[in-house]
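Residue numbers (this note's numbering), protein chains in the order written: chain V, 1 to 158; chain S, 1 to 163; chain C, 1 to 148; chain A, 1 to 395; chain W, 1 to 170; chain G, 1 to 348; chain Y, 1 to 112.
Any given hint could be a false lead.
Going by beta-carbon spacing under 8 Å, a handful of chain A positions derived as facing chain S [unchecked claim]:
#1 Pro40
#2 Gly44
#3 Lys73
#4 His157
#5 Cys170
#6 Leu175
#7 Lys208
With a cut-off of at most 20 Å between alpha-carbon atoms, the simulated SDA-like pairs for lysine to any residue come out as follows [as the list claims (entries may be wrong)]:
#8 Lys319(A) to Ala172(A)
#9 Lys222(A) to Leu311(G)
#10 Lys38(V) to Asn128(C)
#11 Lys195(A) to Glu218(A)
#12 Lys83(G) to Val39(C)
#13 Lys40(G) to Leu29(G)
#14 Lys143(V) to His124(V)
#15 Lys128(W) to Thr3(C)
#16 Lys329(G) to Thr3(C)
#17 Lys119(C) to His77(A)
#18 Lys143(V) to Lys319(A)
#19 Lys319(A) to Gln82(A)
#20 Lys329(G) to Leu103(C)
#21 Lys112(C) to Phe6(Y)
#22 Lys183(G) to Lys83(G)
#23 Lys128(W) to Val83(C)
Worth flagging that the hints you see were computed from the coordinates, not collected in a lab. Every residue, glycine too, gets a C-beta built ideally from N, C-alpha and C.
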Amino acid sequence: MTAEEILNSLKAKFGDAIVEAKLDAPQPWIVVNPSRTKEIAFFLRDDPATRFDYMMCLSGVDYNNGKLGIVYHLFSMVHRHKIVLKAFCTKEQPHIQSVTSVWATANWHEREAFDMYGIVIDEHPDLRRILLPYDWEGHPLRKDYQVPEFYNGMKVPY
Amino acid sequence: MGLLDQRFENGNVFVTSLENLLNWARLSSLYQMQFGLACCAIEMMAASASDFDIMRFGIIPRATPRQADVMFVAGTVTLKMASRIKRLYDQMAEPRYIISMGSCANCGGPYWEHGYHVLKGVDRVIPVDVYVPGCPPRPEALLEGIIKLQEKVRKESLVKKPA
Amino acid sequence: MLTEFGKVFIFLIIGALFVAAGLLVAWLLRPRRPYPGKVAPYECGEEPVGDAWVRFNVRFYVIALIFLVFDVEVVFLLPWALVFRDLGLFGFLEMAVFLGILLVGFAYVWVKGDLDWDKPRPVVPQINRNPESHVEPGKRNVEVPVVN
Amino acid sequence: MIETKSLPTQYASQPGPVQTSSGKTLRTDEMIINMGPQHPSTHGVLRLEIVVEGEIIIDVIPHIGYLHRCFEKHAEHMTNYQQVIPYCDRLDYCAAINDEHSYVLAVERMLKIELPERVEYIRVVMAELQRIASHLIAVGTFGIDAGAFTPFLYAFHDRELILDLFEMTCGARLLYNYFWIGGLSHDIPPQFVDKAKQFCTYFRPRIKEFNDLLTYNEIFVKRTANVGVLPKDVALNYACSGPMLRGSGINWDLRRDDPYSVYHKLQWEPQIGKGEMGTVGDVWDRHIVRMREMEVSLSIIEQALAALPEGNVQAAIPKRIRPDAGEVYARTETPRGELGFYVISDGSGTPFRVKARAPAFVNLSVLPAISRGCMIADLVLIAGSVDIVLGQVDR
Amino acid sequence: MTIDLFTLAFYLFALITLASAAVVVFSKNIIYSSFALLFTFFGVAGLYVLLMADFIAITQIMIYVGGILVLLLFGVMLTTKVISVDMRTGTIQTLPAVLVVSAMAGVLIGIFWTTDWKVSPTAVGFEKTAPRIGEMLLSTYLLPFEIASVVLLVALVGAAMIARREKKPL
Amino acid sequence: MDAFQNLGFWRTLLVTVVLSALPLVFILLYALVTIYLEMKVAAHVQDRLAYMRTGWHGVLQPIADFIKLLQKEDIISVAADRKLFILAPYIVFMGTYGAYAAIPFSSIFIGAQIDLGAFFIVAISSLVVVGILMAGWASNNKWSIFGAVRSVAQMVSYEIPTVLAILVGVMITGSLNLQEVTKFQAGGIQDWVIFGGPLPLLQKLLITPFTVITFLILFVASLAEVNRTPFDLPEAESELVQGFFTEYSGMRWALFYVAEYANMFLVSAVAVAYFLGGWGSPFGETLSGPVLGFFWFVLKGMVLVFLQIWLRWTLPRLRVDQLMYTAWKVLVPFLFVCIVAIGLILVL
Amino acid sequence: MTVAQFSQWLQTPGLNHFLLISGILFSLGVFAILTRRNAIMVLMGIELVLNAANINFLAFSRYTTGTLDGQVIAIFVIILAAAEAAIALAIVLNIYQNFNSVNIDEINQLKD
């Protein structure tokens, strides 16, 4: 399936949940509603025509314009096609629905996105920090992150 | 009593030969704590493998800090790990020695500037005896570090240092 | 006069004395600098969660139990083994009956699985299915990806 | 200095129910053990919080991040794209070349540049040598996990020979900074080809020896067969890759299925687990996949060396690399699996965002699922068979 | 005053036995009780040796120390909740028990003391007890010997049956 | 020791004490040699050198280790049960050393000529079991407890095959006294119990397969008794850190270590005495004698110890349920068959 | 009995001495059985009692009969003790699994 076909079938099924799409990019992407990612993901995984059974990557991004986002790189082992999904949220309301129940691999990626960007993953089974200590403050990959002077009595900057 | 807790006022033949014996034993049998952190740990493993054979120096890996004499801090120490390293160091039985292996453990290495989660030098949490530079140091460098440590141990003394 | 068991006792005492002597020499030499961090219990660098003195699996008990019964049996077997050649076939048969009865017990615990240690009972993971969909996840994804 | 939490003189164990860090309350005969961060078999600083009943594992909660070295932050703060490469090296320090390859590939795809043939062939040779070296570490340490120490030393001895090849090429033993954007840092030395061929002929019988010593050892088979079974569909759902995925019987190799470099010009077949000793997808399968992949790599190296063309080792690229604004996700098959770099460029000289999709990170996330109900000894083997490198897991 | 070795050994073992038995009985910590039992068994084995029963003495160590004690220790470790206070074993009805036991001990020891035991003047030193015990087991004591195997069978089957526990699903 | 019967009591006592300390000297020397040997054998299996820096080819290494361990601080964790923690090494070492009393080192030297020597060795070794349980429990460390409990379960399980294998030896030799057992096989290599002992040819031929199997089982079981690979689960580094002595440091740990090495020789010595002719020369009367007897005994024991070391650096380790399976479902049934077969052959 | 006699008595351990030890051991065992709440402690008490009995058997065997019958009986006692310990501990464990306690009183209460 081409990206256009995927977009069409998504639009047919979910309508306004598909916010935006850019199909002429080298790796075409579709922007979806952050609160409906799970059902879209289930559809993409289970629909015989799309069958995106393999999530290559899930990345959090800070777009440096008040927007945070999660980028899903999907791949179908059966059909050998790829698509990129994106879901955006604002820094004030950083909520995106979890897709862990669809692709189990998303679990740790989403925790990482939470850890690094502070994106709250709704419906995530175990949303804790993953890389940084539990008592760490702030989300370091945000563009406006300030490195703390001390952590637990240890000086952080050189 | 604890002879190693005592300090003699001045050394005589007996004290110095005892001191030599004890130091010789300590430096010849440095049990290493089985503990690696990052890239340098691979070089540390290479050093303990057949080609470099760290055991020639009497270094045997022990899994628990209670029985270890020397800890190679081989790799980047992160802030999350630092407290654990401190705890492990604490739990080692004295006399104990630390070799800081690699730039990261020495000073933060390539992560010194933007590494918000990297401790810039393990000597900020535990005392280090020997620093081995390199990113990562070759196994030979680690062996050199061990020899340096042995020299340091050899110079330890039971006699009070002149004030 | 010192009997042979007296000598054994001396051996035991020497064993204990050796430990004591070793520890004494070490006591004379070794430093003593305890502080709270050092004497904290070790658990791979973490602070232990919960106590180590928890209860154990009943398996250990069953193994010790079976051992005990066999141990007792050995106590009978050893004197028999010392004299069975003098007693001839009759003695052998007596012991055979004894062993036979015990082997029934052995067979029983074998069959009932008491000789087995806790076997791993791995849980094979399954993938999540869509609660709204009716597609069985097992069926759907079992197909192997196409091979070129 | 860290403030040491002062312990009471009498170590007080917490009264009341004990809870795991994910909030589960323990039953009476369960206990929590921390395996790691300092533990001989966690391959670095992985910490596994395990809930056990007797020796049976009820739950495993991996705690990672003890080696979180802020790779992504560094990538965003470097002054140019080239400077990220050394940090890529340090992601997977057992297979640095493969990491560089992935990142370099991503940037080259953004720049849309064509590379000289020679570069691609050298890259293939290097990547496969590195794959062998990395697999040697994996199977060697796996032997230690199973209680066999000697195979580890044999593996490391052979690995040294590969490192010698790297050393004569770029002067470094572990972290090379050899693949540059648009080519290589410099050409291979003249005697490299012969030395590499010699290595190949030397190493084939060694693999057999290693297999005889460890892989087909009765005890080892008993320990590893039917342990840590990862079914196909679960492996896909967890997006496992590399030997982990192939061990589960899925014939999938990015070198063949999402071709990059010149792999499509060479003759070779991916190796998959067939369940010879037990179930498909058990620990033994993952191990044997690694062992067989080494042979495959040898054959790739020999072919690539035979076909090595003459030419330049650096494509014409602008002095200051400024890709157009846009994004790319490029992936290669590293020894641990699919290493993808998701690079976003805003048109400036530094990447806007670099996300490393680390195979070890993804593969490790399946560990709790496949080790439930196993014993502690099995957990060690399962963790070993995942072949994690903490630098990549924690980035 | 010279004390011969027998006397010395007797008092030594008596001391070990009684002191450790006292620890067993009076210790508040059940683990200490169990480990003290090791010394009691050992001391009793010593007394057996003094009574020329080398086979029994070694059997004592083998079965009591190697078997029953390990079993008891596992029992303690299996059932004792150390985290809570249960490790300390409470006592009940101490005073009546003390009275009863001391009365009983008095009577017992009184009987032992006053009875004029027919001590054989030539106290035989037993040599090579084990083969003779073996012979006796297979001749005079054949019936008890075979019954013992049935007892052991019953113990094994019964105990295994009682102790078995259904495997919980994970 | 019979030569000293005529001396006065106290002198006898003194002589006895001195003689009883001789095995200790042996153990210490042996431990130093074996610790060195272990690493050197390992190294030569593994293409390397191991100890090279302390003395010629590192021969002084074990001494350096020992002196260093004397200097190490002794840590008793606050969580531990202090009394039992301190007591445990004593119990373990007493159990080990007590067993040496019945080992016939030579025709003129045996610590205590007990009629029930082999039985005594097995019995007194159970002190080690209790000591290990004590050490593990007192440490109050999860790895220690796991190691201790595993160790105890393993040792008691493998005690049955060990004792049953010894029983086979008793059936053939008709004695539990290791000195007599050795004398029984004094005729040279063809009289060793592993080859059926000095029996008529037909019986010997019939019995030999069973005795060989029994000897192998005894060797395997003794590997497990002393926690050596492939049965080294109690202190499996890759699983349980250091097993029951995870919390022990310095000299206390060293004593466990020495006891462990002493046990290695102990089990080998029992196997040698029962199956390999003890201190008897393999050539019958030639090259025999008290001193040479000692040499033969130690040589045979060291060969078995060497085998243990060799196996350790070759094999992976079993899992605990497989270990129990091996003990109860393989070794014990085989031994029952051997016992019945040998018994039948001997009485018929 | 005079002091000298007593001292003489002390210096020549014989049957009575062993009986005395056995009596004390027996009483200690009974005391444990009577007073302890923990079922396993009760078991330990029983072991003490059985040991005391065995001392008696052996002492009489040694000092009066001069035959080995006492020793054979002692073996049977040890065997029975082993069987008893196995069964009793199994029962204790079973009770523990059902009531989560090995405290005899508590179990009594739970039963009601």
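Verification of the supplied hints:
1. Pro40: It holds, given that the least Cβ distance between proline 40(A) and chain S is near 5 Å, below 8 Å.
2. Gly44: holds (6 Å)
3. Lys73: Where the cut-off is 8 Å and the nearest Cβ of chain S is about 5 Å from lysine 73(A), the hint holds.
4. His157: Holds: closest Cβ of chain S sits about 5 Å from histidine 157(A), inside 8 Å.
5. Cys170: violated (14 Å)
6. Leu175: holds (6 Å)
7. Lys208: Result: violated, 19 Å to nearest chain S Cβ.
8. Lys319(A) to Ala172(A): violated (25 Å)
9. Lys222(A) to Leu311(G): holds (17 Å)
10. Lys38(V) to Asn128(C): holds (12 Å)
11. Lys195(A) to Glu218(A): Roughly 36 Å separates the two Cα atoms, so the pair is violated.
12. Lys83(G) to Val39(C): holds (16 Å)
13. Lys40(G) to Leu29(G): Within the cut-off at roughly 16 Å; holds.
14. Lys143(V) to His124(V): violated (25 Å)
15. Lys128(W) to Thr3(C): With a Cα-Cα distance of about 14 Å, the restraint between lysine 128(W) and threonine 3(C) holds, given a limit of 20 Å.
16. Lys329(G) to Thr3(C): Not satisfied, since the Cα-Cα distance of roughly 41 Å exceeds 20 Å.
17. Lys119(C) to His77(A): violated (52 Å)
18. Lys143(V) to Lys319(A): Given that 20 Å is the threshold and the Cα spacing comes to 27 Å, the pair is violated.
19. Lys319(A) to Gln82(A): Given that 20 Å is the threshold and the Cα spacing comes to 11 Å, the pair holds.
20. Lys329(G) to Leu103(C): Status holds; Cα separation ~13 Å.
21. Lys112(C) to Phe6(Y): Measuring from Cα to Cα gives roughly 60 Å; hence the hint is violated.
22. Lys183(G) to Lys83(G): Distance ~45 Å between lysine 183(G) and lysine 83(G) Cα, so the pair is violated.
23. Lys128(W) to Val83(C): holds (12 Å)
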